[in-house]
Structures are given as structure tokens and as C-alpha cells.
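Same order as they appear, the protein sequences are chains A and B. Numbered as in the numbering used here, the first sequence ends at 415 without a single skipped number. Numbered as in the numbering used here, the second sequence ends at 99 without a single skipped number.
Just so you know, the hints here were simulated from the structure itself, not pulled from any lab data. Just so it is clear, the structure is predicted and the values come from calculations on it, not from any experiment. Hints are supplied without guarantee of correctness; some may be wrong.
In silico DSSO-like links for lysine-lysine, alpha-carbon gap of 30 Å or less [claimed, not checked]:
hint : chain 1 : residue 1 : chain 2 : residue 2
1    : B       : Lys-88    : A       : Lys-357
2    : A       : Lys-204   : B       : Lys-88
3    : B       : Lys-6     : A       : Lys-333
4    : A       : Lys-141   : B       : Lys-88
5    : A       : Lys-343   : B       : Lys-6
6    : A       : Lys-273   : A       : Lys-352
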Amino acid sequence: MMPRADMKTDTNITLPLSFIVYGLIALILSQFILFFSSSSLLSGQFRIPEIWMSAHFLLLGFALMVAMGAMYQLVPVAFLVQIWNEKFGFVQFFMTAFGILFLSAMLGIKPNFAVYGGILTVIGVFMFLLQMERTMKKVEKKSMMYYFVIASLSFLLLAILAGFLLVWNFAFGGIPNHEAILYTHMTFGVAGWFTLLIFGFSYKLVPMFSLSHGFSMKRAKPSLIIYIAGLSFLVASFWLPVSFLDILGWMLLWAGFGLFVLDIKEILQKRVKKKLDKPFIFSLIAIGSGFLIHTIALGFSLFAVHHRDIWSWLIFLYIMIWIIFSIIGYLYKIVPFLWWTHKYADRIGKEKVPTLKEMMNEKLSIYLFILFSVAIIGIIISFSFASGKLLFIFLGILAFTSLVYGMSIIKVLVQ
Amino acid sequence: MDIVEKVQEALYDVIDPELGINIVDLGLVYGVGADDEGNITITMTLTTPGCPMHDSIAAGVEHRVSQVEGVQDIHVDLVWEPAWNPSKMSDRAKEMLWG
Numbered sequence: 001m002m003p004r005a006d007m008k009t010d011t012n013i014t015l016p017l018s019f020i021v022y023g024l025i026a027l028i029l030s031q032f033i034l035f036f037s038s039s040s041l042l043s044g045q046f047r048i049p050e051i052w053m054s055a056h057f058l059l060l061g062f063a064l065m066v067a068m069g070a071m072y073q074l075v076p077v078a079f080l081v082q083i084w085n086e087k088f089g090f091v092q093f094f095m096t097a098f099g100i101l102f103l104s105a106m107l108g109i110k111p112n113f114a115v116y117g118g119i120l121t122v123i124g125v126f127m128f129l130l131q132m133e134r135t136m137k138k139v140e141k142k143s144m145m146y147y148f149v150i151a152s153l154s155f156l157l158l159a160i161l162a163g164f165l166l167v168w169n170f171a172f173g174g175i176p177n178h179e180a181i182l183y184t185h186m187t188f189g190v191a192g193w194f195t196l197l198i199f200g201f202s203y204k205l206v207p208m209f210s211l212s213h214g215f216s217m218k219r220a221k222p223s224l225i226i227y228i229a230g231l232s233f234l235v236a237s238f239w240l241p242v243s244f245l246d247i248l249g250w251m252l253l254w255a256g257f258g259l260f261v262l263d264i265k266e267i268l269q270k271r272v273k274k275k276l277d278k279p280f281i282f283s284l285i286a287i288g289s290g291f292l293i294h295t296i297a298l299g300f301s302l303f304a305v306h307h308r309d310i311w312s313w314l315i316f317l318y319i320m321i322w323i324i325f326s327i328i329g330y331l332y333k334i335v336p337f338l339w340w341t342h343k344y345a346d347r348i349g350k351e352k353v354p355t356l357k358e359m360m361n362e363k364l365s366i367y368l369f370i371l372f373s374v375a376i377i378g379i380i381i382s383f384s385f386a387s388g389k390l391l392f393i394f395l396g397i398l399a400f401t402s403l404v405y406g407m408s409i410i411k412v413l414v415q
Numbered sequence: 001m002d003i004v005e006k007v008q009e010a011l012y013d014v015i016d017p018e019l020g021i022n023i024v025d026l027g028l029v030y031g032v033g034a035d036d037e038g039n040i041t042i043t044m045t046l047t048t049p050g051c052p053m054h055d056s057i058a059a060g061v062e063h064r065v066s067q068v069e070g071v072q073d074i075h076v077d078l079v080w081e082p083a084w085n086p087s088k089m090s091d092r093a094k095e096m097l098w099g
């Protein structure tokens, strides 16, 4: 059944923008914390309070909050339903924002107090899940995108629960298998929630931004099923002493990701818009990067590479060049879109209004994306050569670029 | 030029903000009708169902058409069937997007 064309599904712009602005501040904060912790990173010490703080400001403060804000905007567009309750959304924003701030800060300052931030964060995420459950319940046509989003939300729930068990252990102890819970938390959060969410919305955003038509999406269903199977086997390998489970898990994850890549390739081949916007290209490159990381991880598991430092850096790369770079690219499209709708929507046809492209400085975006990439490559080279000086420089570039990126996005909102 | 032709001409001034191309060349306008009193009906679609810009583009169409001499009431009928596809674009639009 086709949607009624007069159906209003737009979200109040303040709601997604609140999440996004918070997220940008958290991004800048996380990168500066990392910059000031460079000596710890060099010695491969990822499991220290400063790194936990940076990682949680990055993954929860930036990536999670921006994803939530984007979903408040994109779920109505993708599924043609109104958000269940916007007032509830604002309450959820404040709960989650404060919870993440307290959790992340305490992880760095006093880890045994982080559990209290964890409680608020879990409540905030539960509220978001309730909001999405009530909203998605109204969806009439359940496409593959629907199932990707439902799957990603399920993994968000599992990741947050596992995360809560971890901070509980910091505060009170008593929960066994802390290491297995940690790996489970990371896998469900990073590969389950974020990856499946990006997969799902890419099936909407990539055709939209490239004006593609006539593509099949035939690999979407096997991609989802195989990827979830991969996650299940990988997580099982953390808990069960069975040797082949992790290899099987990485193999399935690689295959699932590969099928998604093939679908995206088909969408782009059938596009009408030849010249793509640079920020969007950056997000597309991130897809390639994500697949590369999966390939490396599969290689490591096949060749029994178990060195903790190497895996720590691989996870860092997975987060940065797949998840964070995807979000960074898409934000350069989403924010102007939100602001244009707010500022110019009622002026179209009355006067000359800027196009979306004219609202952002695309030239600056090219420099920023290059600097982000150079910083990451530089960080890996620094680690490879155990150079503290180089690491300091490249982390500095990353922090500075994040600051300029954040300011360039916020500048759109003050035009 | 009769009123329908004037309205069709005016619609070239309504630009899709994402693509920077007018809605006529994009092939979004399916039809323009007028009765004897100058009441206009415009049947159109968008490239993406659920696009949050549909209100603003429809409102933009209404405003631009209201500036055409002789136009009385305007009704914009936003439809999703038949679905838009690239073959509905003009050669000029295809040239602008593909080069």
C-alpha cells in the first residue's frame, strides 16, 4: 500500500539537533582526551581510565547520540510514520545526555562511581528503545530496512546490558567472566548496533543521495542473516572453549559485510547523479574501509594472530574508519538538510533560497576528510614504529580536525 | 499563452534543493489542469516517498503559481503512483546530473 502523500511525519527539528550538537561536543572532547593520553596508547595500554573515558565519549557521546538524533529524523522518512512521542524524546535526550556525561567522566576519574552514570545511561537507552518500539510498531510495510533497524536496536539493548554489568563489576564486583562480558559488550555495540544500523539506513540514504533507481537489494536479507549468525558465533567464542567458533564468526561477518558491499555497488552503478557530494563519498569510502577491517580480522583469525595490542589497534581502526567516518560523512548531509527545512522550507517558490550544497563549505570538507584520513594513517604508522613523537603529532591533528569539523557543522546552524 | 501554459512556465522556477534542478525538468510534474474560473490543480510527485521536503516543495509550488495572473485557487495533488523514475527527467536534467 502506498503511503498517503499528505501524511505529515516530520519531527520537531530541535529534537534531532539536540542530540547532534551534544554529539559534536563529545567528539571534540574524546579526541582531546585521546591526544593527552598518547603515551599510554603507544605502550598498547587501551585498558586504562583515560582511554575508557575517551572511548565512551566517542562511542556513546558522539556516535550513539548522533545515531539516536539521526533516527529521530530518518525513521519517519524511511518508514513513513510519526515519532511516537516527541516530549518523551526530549526527556530521553536529557536522561541519556547526563548519563553518558557522568558515566564517561567517572570512567576516567573514579571508575567505581561510573555505575551511577551507567544506570542513567541504561535508563536513557531503554527510553529510546521504547520510543523506537512504539514508533516502529506503526510501520505498515516491513521492508528489509525495517529488519535491519530492529536487529540493530536489539543489539543496542544487549550491548548496553553487557556494559552495565561491566560498570557494576567496577563498583561492586561479583559478576564472573568480566573479560567475556567486555568482548561481548564491544562486539554487540560496535558490530551489532552500529554496523547493522549503518547497513539499514545506507539502503535508504545511498539511493537518495545518488539518485539511484532500479536496484534490487537482493542481498540485503542474506546479508542480515549471515551477519547476525557471525555475531552469534563470535560472541559464543568468547564464552565457549571451542577452537573454530571465532574463525566461523569472522568468516560469516566478512561474508555478510561483503554482500552489503555488493548491494551498495549495484545501487551506485544504477545512479543517475554522476558527481556525488564529497561528504557522501567519504561515507562510501568508510564502507570500503569497514570491509577491509573485516577482511584483516578474518585473516588474523585464520592465521591465529592473538596479540592483544594488534587486536586493540584493529578495533580502534574499525571504530574510526568505518563507524566514525560514516557518521562524519553523513552528518555533513543530514545537518544542512535539517536546518534548510527549518529556515527555508516556507520560502521556496517565494524567493531564491540556497540549495543544500550551498549551505556547507564543501571545499573545507575535503580538507577535513583528508586530514582525518592522514591522522589515522599517521597513528598506525606511529604505533608500528613505536614513535611517541609521531603519535603525539597525529593525535594532535585528529583532535584539531575534530574541532574544526564540529565548528563547521555548528556554523550551519548559526547562518 | 493560456493559463495552463503560464502555470507550467512558472513551475520551472521551483527548484529541488537537494539536486538544484527545477521540478519540471526532473519530471516531478505529472499534470496541470485548470477550470474556467482559473482554479488550478497540479498533480506531482517527488523522487523519494516520505521526503521531509514534500511540504515545502508543495508549498513552494502553490506560492509560485499564485503569482501567475488569472490564477484563483490552487490545489497541489502529491501522488506516489506512478512512482517517479529517471526516465521522466528531461534531457537537460539528465545532462546536468550526468554530464
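Going through the hints against the structure:
Taking the CA atoms of Lys-88 of chain B and Lys-357 of chain A, the gap is near 24 Å; set against the 30 Å cutoff, the hint holds. At most 30 Å may separate the alpha-carbon atoms for a hinted pair to count; Lys-204 of chain A and Lys-88 of chain B meet this at roughly 21 Å. As the CA atoms of Lys-6 of chain B and Lys-333 of chain A are separated by approximately 35 Å, the hinted pair breaks the 30 Å bound. In summary, the hint linking Lys-141 of chain A to Lys-88 of chain B is supported, as the alpha carbons are separated by about 26 Å, within the 30 Å threshold.
Distance hint between Lys-343 of chain A and Lys-6 of chain B is fulfilled; the C-alpha atoms sit about 29 Å from each other, no more than 30 Å. Proposed proximity of Lys-273 of chain A and Lys-352 of chain A is supported: the alpha carbons are some 23 Å apart, at most 30 Å.
Violated hint for the displayed structure: number 3, the only one.
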